[in-house]
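Q: Sequence:
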Amino acid sequence: DFYTSSDVHAVFGRLLARQFEEIWRALGSPEQIEVLELGPGRGLFARDVLDWSEKKFPEFFRALQYSLVERSAALRERLRSTLSKHFESGKASLLQRLKPPGCPGLIGTAKAVPSHDDPTVQIRLSERSGKGTTSILPQRIGEGTTPAVPQPIREGTTLEACPERSRRVPQGSDLQRALAPDAPIIIFANEFFDALPVEVFSPQGELRVAMHDDRFLETWAAASSQELEFLDRHSVHPENGERVEVPLRAQSYMSEIAAALKCGIIIVIDYGFAREEQLTGRHRGTVTAFRQHSVSANPYEAPGEQDITAHVNFTALAAAAEQNGMQVQALLTQSQFLMGIGEQNQFADAFEDCRLAQERAKVALQLKHLVTPAGMGESFHVLVATKGIDADRSSTLLGLNFSKKC
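Residue numbering for the sequence shown is 1 to 406, as defined by this note's numbering.
Since the hints were derived computationally from the structure, they do not count as laboratory data. Do not take every clue at face value.
In the DMTMM-like style, the derived pairs of lysine to aspartate or glutamate whose C-alpha atoms are separated by at most 25 angstroms in a straight line are [unchecked claim]: (1) Lys262 with Asp390; (2) Lys85 with Asp390; (3) Lys85 with Asp51; (4) Lys91 with Glu59; (5) Lys85 with Glu54; (6) Lys262 with Asp182; (7) Lys85 with Glu59; (8) Lys362 with Asp51; (9) Lys55 with Asp353; (10) Lys387 with Glu88.
With these hints in hand, go ahead and build the complete structure from the sequences.
A: Right, dumping it as structure tokens:
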């Protein structure tokens, strides 16, 4: 059900290839540089970056090693097909996790499932409320059933369980990667963080979701110290009737990546906001379900058949990066970022393959969807953070300059 910028037009990957090449030059054109993409999906973005780099930036392409972190076996097969040429040449490689096997860390997602003797299971979405209170959530809107007391978690289902509160990300550990740790790296995450589990809160407590008699119901529990610490640190205090997400998993991933990074840059593109924007006018939070490319009114309906996401809290992500030695260079809109890269050559990357006026008109509409407020330009934001890179070099990158002119 997911639909990303790379589905719109290859120009998204082409523009990022141009930005990656500029980063490589800003680093002094090293003999080796790695791009590590988190959650590459079907590989459309990686294909566009690699193909365009090979065609337009041959020196950068020779230095480039492209790594893709993907756990799904089905998507790994899709990646091998989409990028077959680059896998065969050794230019691309697949990684299953961020850390080497056997290394501790917050990797993957816990699972839980009802068993025959225990029909109830707590899953990952959560909001605080009064102890012992439950509210029924039918799988189909308009239906109802009797609330029940949730039972303990049982392992084994496709529903994601609440992550263990005690698991902490180790600091200073190495990322699994194709090149040596001292080679510079560009970590790219497009619509990765929005798919990670979140906790959800109201003034009464933390939301848990349980299952009883094939129905979902909301229950309430006390918050952990980590969750309360997040609320206090970011001055998040929902009022009665309001809900707000706490992205502990996203913070953990960012902390792990930032702590392990020695020299490089992180570029995160996702729909979301800074803290102030995220809290304004979103009294029920931002948890959203998508099914068949449409917004679903009920996130508890059709489990396993729809995507459940939450808007990214970029303030929290930036703070996690800075706490682990990174310098946040910018938080800007996708429109500002892509316009900054594309204006260098009047978006020639988009129109190069066009031979007819009709083709140019079609591409212009696709480009408009990527950069205008009516499309993805204002709802998607870009976080850029660096470590071990001179500030004068990173501050002049194409993608960061358009916003300075506005």
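Q: Please verify whether lysine 262 and aspartate 182 have alpha carbons no more than 25 angstroms apart.
A: Given pair lysine 262, aspartate 182 holds - Cα atoms ~7 angstroms apart, limit 25 angstroms.
Q: For the pair supplied as a hint, lysine 91 and glutamate 59, is the alpha-carbon distance within the 25 angstroms limit?
A: holds, 14 angstroms
Q: Please verify whether lysine 387 and glutamate 88 have alpha carbons no more than 25 angstroms apart.
A: It is violated: about 32 angstroms lies between the C-alpha atoms, which goes past 25 angstroms.
Q: Below or equal to 25 angstroms on CA atoms is what counts here, so check lysine 85 against glutamate 54.
A: Holds, at roughly 12 angstroms.
Q: Given the proposed pairing of lysine 85 with aspartate 51, does the C-alpha separation stay at or below 25 angstroms?
A: holds, 10 angstroms
Q: Are the Cα positions of lysine 85 and aspartate 390 separated by 25 angstroms at most?
A: violated, 35 angstroms
Q: If you draw a straight line from the CA of lysine 262 to the CA of aspartate 390, is it 25 angstroms or shorter?
A: holds, 13 angstroms
Q: Take the C-alpha atoms of lysine 362 and aspartate 51, compute the straight-line distance between them, and say whether it is at most 25 angstroms.
A: holds, 22 angstroms
Q: Lysine 55 and aspartate 353: Cα distance at most 25 angstroms?
A: holds, 13 angstroms
Q: Does lysine 85 pair with glutamate 59 here, judged by a C-alpha cut-off of 25 angstroms?
A: holds, 19 angstroms
The structure fails to meet hints 2, 10 from the earlier list, while all remaining hints are met.
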